[in-house]
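Student: These protein sequence lines map, in sequence, to chains A and B.
All letters in the first sequence, in the order written, are residues 126 to 536 by the numbering used here.
All letters in the second sequence, in the order written, are residues 126 to 536 by the numbering used here.
Keep in mind the hints are simulated off the structure, nothing from the lab.
One or more of the hints may lead you astray.
No copy labels: a pair is met if it fits in one copy or bridges any two.
Said to hold, decoys possible - 35 Å max Cα-Cα, derived DSBU-like pairs, lysine-lysine:
hint : residue 1 : residue 2
1    : K489      : K454
2    : K396      : K366
3    : K253      : K326
4    : K366      : K489
5    : K153      : K253
Predicted, not measured: the structure shown is a model, and the values here were computed from it.
Protein chains: 2
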Amino acid sequence: MDAEIIAVGSELLTPFRQDTNSLFLTDKLNSLGIEVRFKTIVGDDSERLTQAFRVALGRSRLIILTGGLGPTEDDVNRQVVAEVLARPLREVPEIRQRIEERFTRLGRTMAENNLRQTLVPEGAEWLKNRQGTAPGLWIEQDGIVIIMLPGPPRELEGMFEAECLSRLARLVPAQCLRSRVYKAVGLAESEVDQRIAPIYKTYSNPSTTILATPGAIEVHLRARAASEAEADSLLTELGEKIEAALGDHLFTSRGESLEEVVGMCLVLRRKTLAVAESCTGGLLAERLTRVPGSSNYFLGGAVCYSNELKTRLAGVPQNLLEENGAVSKPVALALAEGIRRHTGASMGIGITGIAGPGGGSDEKPVGLVFIALADERGTQVREFRFPGDRERVRLWATQAALEMIRRRIRD
Amino acid sequence: MDAEIIAVGSELLTPFRQDTNSLFLTDKLNSLGIEVRFKTIVGDDSERLTQAFRVALGRSRLIILTGGLGPTEDDVNRQVVAEVLARPLREVPEIRQRIEERFTRLGRTMAENNLRQTLVPEGAEWLKNRQGTAPGLWIEQDGIVIIMLPGPPRELEGMFEAECLSRLARLVPAQCLRSRVYKAVGLAESEVDQRIAPIYKTYSNPSTTILATPGAIEVHLRARAASEAEADSLLTELGEKIEAALGDHLFTSRGESLEEVVGMCLVLRRKTLAVAESCTGGLLAERLTRVPGSSNYFLGGAVCYSNELKTRLAGVPQNLLEENGAVSKPVALALAEGIRRHTGASMGIGITGIAGPGGGSDEKPVGLVFIALADERGTQVREFRFPGDRERVRLWATQAALEMIRRRIRD
Numbered sequence: 126m127d128a129e130i131i132a133v134g135s136e137l138l139t140p141f142r143q144d145t146n147s148l149f150l151t152d153k154l155n156s157l158g159i160e161v162r163f164k165t166i167v168g169d170d171s172e173r174l175t176q177a178f179r180v181a182l183g184r185s186r187l188i189i190l191t192g193g194l195g196p197t198e199d200d201v202n203r204q205v206v207a208e209v210l211a212r213p214l215r216e217v218p219e220i221r222q223r224i225e226e227r228f229t230r231l232g233r234t235m236a237e238n239n240l241r242q243t244l245v246p247e248g249a250e251w252l253k254n255r256q257g258t259a260p261g262l263w264i265e266q267d268g269i270v271i272i273m274l275p276g277p278p279r280e281l282e283g284m285f286e287a288e289c290l291s292r293l294a295r296l297v298p299a300q301c302l303r304s305r306v307y308k309a310v311g312l313a314e315s316e317v318d319q320r321i322a323p324i325y326k327t328y329s330n331p332s333t334t335i336l337a338t339p340g341a342i343e344v345h346l347r348a349r350a351a352s353e354a355e356a357d358s359l360l361t362e363l364g365e366k367i368e369a370a371l372g373d374h375l376f377t378s379r380g381e382s383l384e385e386v387v388g389m390c391l392v393l394r395r396k397t398l399a400v401a402e403s404c405t406g407g408l409l410a411e412r413l414t415r416v417p418g419s420s421n422y423f424l425g426g427a428v429c430y431s432n433e434l435k436t437r438l439a440g441v442p443q444n445l446l447e448e449n450g451a452v453s454k455p456v457a458l459a460l461a462e463g464i465r466r467h468t469g470a471s472m473g474i475g476i477t478g479i480a481g482p483g484g485g486s487d488e489k490p491v492g493l494v495f496i497a498l499a500d501e502r503g504t505q506v507r508e509f510r511f512p513g514d515r516e517r518v519r520l521w522a523t524q525a526a527l528e529m530i531r532r533r534i535r536d
Numbered sequence: 126m127d128a129e130i131i132a133v134g135s136e137l138l139t140p141f142r143q144d145t146n147s148l149f150l151t152d153k154l155n156s157l158g159i160e161v162r163f164k165t166i167v168g169d170d171s172e173r174l175t176q177a178f179r180v181a182l183g184r185s186r187l188i189i190l191t192g193g194l195g196p197t198e199d200d201v202n203r204q205v206v207a208e209v210l211a212r213p214l215r216e217v218p219e220i221r222q223r224i225e226e227r228f229t230r231l232g233r234t235m236a237e238n239n240l241r242q243t244l245v246p247e248g249a250e251w252l253k254n255r256q257g258t259a260p261g262l263w264i265e266q267d268g269i270v271i272i273m274l275p276g277p278p279r280e281l282e283g284m285f286e287a288e289c290l291s292r293l294a295r296l297v298p299a300q301c302l303r304s305r306v307y308k309a310v311g312l313a314e315s316e317v318d319q320r321i322a323p324i325y326k327t328y329s330n331p332s333t334t335i336l337a338t339p340g341a342i343e344v345h346l347r348a349r350a351a352s353e354a355e356a357d358s359l360l361t362e363l364g365e366k367i368e369a370a371l372g373d374h375l376f377t378s379r380g381e382s383l384e385e386v387v388g389m390c391l392v393l394r395r396k397t398l399a400v401a402e403s404c405t406g407g408l409l410a411e412r413l414t415r416v417p418g419s420s421n422y423f424l425g426g427a428v429c430y431s432n433e434l435k436t437r438l439a440g441v442p443q444n445l446l447e448e449n450g451a452v453s454k455p456v457a458l459a460l461a462e463g464i465r466r467h468t469g470a471s472m473g474i475g476i477t478g479i480a481g482p483g484g485g486s487d488e489k490p491v492g493l494v495f496i497a498l499a500d501e502r503g504t505q506v507r508e509f510r511f512p513g514d515r516e517r518v519r520l521w522a523t524q525a526a527l528e529m530i531r532r533r534i535r536d
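Isolated chain A (complex conformation):
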């Protein structure tokens, strides 16, 4: 059974808003082995919704409409679906009672508008809304299932989980879709593909998707089987071959972020970390502390944007700054060693570079970044040239620093 999602709402056709409900729905549908084949976004407009709904009826066996169930005249879903399916709308007293009770509980009286929400196309089941007034609808016609859900994410999610999942499960063969997310650093998307395409192309189940994200290449595997265990074993079979092909560029097979993986490595080895950042301006510290429990290994750091602060907070000798300039190998080294000494951490990181857009020169262009790592075994420093704008340079620099930590701990 393939699904199609129609998100209804004029705000979803502006530059400001995205339909995010479909991501939630896709995840839940996939868990039942149902794939989403089309997504359509259409405004609060009867004629255009009619058109989109007719198209969907011609090609999909499960159609989920989201939004458009509110109490105002903008909300046209109920009318459109009833008309297209030729089922007259009837008031359901129990819905009216529930809405009136809800208003009473909130100390208000029901607006006349809300009566629209009590209307149900003949022969449809209505779905309880525990978070709001608009009931959902479940309609089966000519072998097609049509589900109508309210637009607000909390209402939609609660209703789908409570009312739709088990109903759907009865309609599809007991099938299970499981996924696994590998992430690699230090390889381009094309290099990852070159290494693993000969492997994954021989499998149609699991299916493989390669995604380039800022800082990492992700490999998503999705397997279908009759049981979770069977799906997992399919994932493991292909996954092990992918792991072998990508080697130590792979930092997770469970979808974790690089800062989470680094955090686990530090905890395992009982190491602590401190950082001294210039061009990344606190982004490395911020990423490290996104992880709950990071206070167990991350002591803190210095954001030394000015030269004076490089000296004050991380003990970089002033003459080093004068002789080499702030963006230089020796200063990166001194930042890493200085912050380690200053904080008593087992590992210190120093980052200095030119994030742009200004401040570059022929000799030291935008994107030039030096990263140093100091620990009890000594200090290493690497030079990078990152492409892209300020945001990308900063992101790549923190990614490179995290990867240096991961490799240092692993070795």
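Starting from the known structure of chain A, arrange chain B on it as the hints suggest.
Tutor: Below, chain B without anything else, positioned relative to chain A:
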């Protein structure tokens, strides 16, 4: 002329990825007075794309297809469009030459696969890609304009701006859509609506949209007119009333972020800033340094996650920590004053709190944050209770700190 966008890519039908290109395209199309009426998302599948494309041809005068122009066999857009429009594909030697040159410049040789990208449906114009290999395509048939753009956002955006905007402008009546974005802090979405609904409801042009974003409420105005000047004067008329209604909660009428506004305030008053952060872990420094040129006013800061670092980097007396606990008013004050003294900045900020999910107690629950500001006029400290998860608490805390700076400078 109404537009329809078809985003092609199987990854856009997974729970992991969103089509974001359509937001960029909608914004640009709106600026020409073109509205987007439908968005469709379809996988890399010839049959389903054929279906979606045929549907679009039946209802829209401008169809933009994004993605599906890559060098691999997954990428089916070229073939599908050529077939549906009955225009055979022909190799264009100039495209081949450009791709080969690009590979030579990068020191690599062109893969055989890339030849697919040299194919153009008969009678179509091809659009230069300055950021990648895949050319775009522009086709006019039976009064319908079909634009095909590559999927990677940088390539799509560059190509659309350089190659499509002026071509489209020639096809639509000289009409102009201009927008203005106001942002407010310290008011809930419903409070903003209550204050301005009586005003904006009397205008159909400009149209008004209120959006709640993390940390700010945005009011988007969009005006249509025959000229930019006319549209701008419509915006100004409504905008001034909205400014009066929202008062000093408004921090921009030009869409800037709060950190950009704070940066401009600091530059204007020739002030410098340093920060000492605990629970926000570097996020405040990171936000401040996202702004190009922030080195003119931001000296740097300390991320003092451990108590010891609060003492070492920001000079918080140890007994203060022992007597009050790290999350307390006196420690916030000491962080702000300490980092100001330590760095010589004209203004110091101190933040300490409990971001969660762990670490809370009845007395000091998750979400409790103290923020202090020290300058030559003295030190002020505020207590906040932010709702939500770790990420939201951290974001709200930095937003509150930035707002304290903005108000202190303005007063």
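Student: Give a verdict on every hint.
Tutor: These are the hints, each one checked on the structure:
1. K489 to K454: Classified as within; 12 Å inside a copy, 44 Å across copies.
2. K396 to K366: within (32 Å within a copy, 58 Å between copies)
3. K253 to K326: between (44 Å within a copy, 32 Å between copies)
4. K366 to K489: So K366 and K489 fail the 35 Å test inside a copy (42 Å) and across (49 Å) alike.
5. K153 to K253: within (19 Å within a copy, 41 Å between copies)
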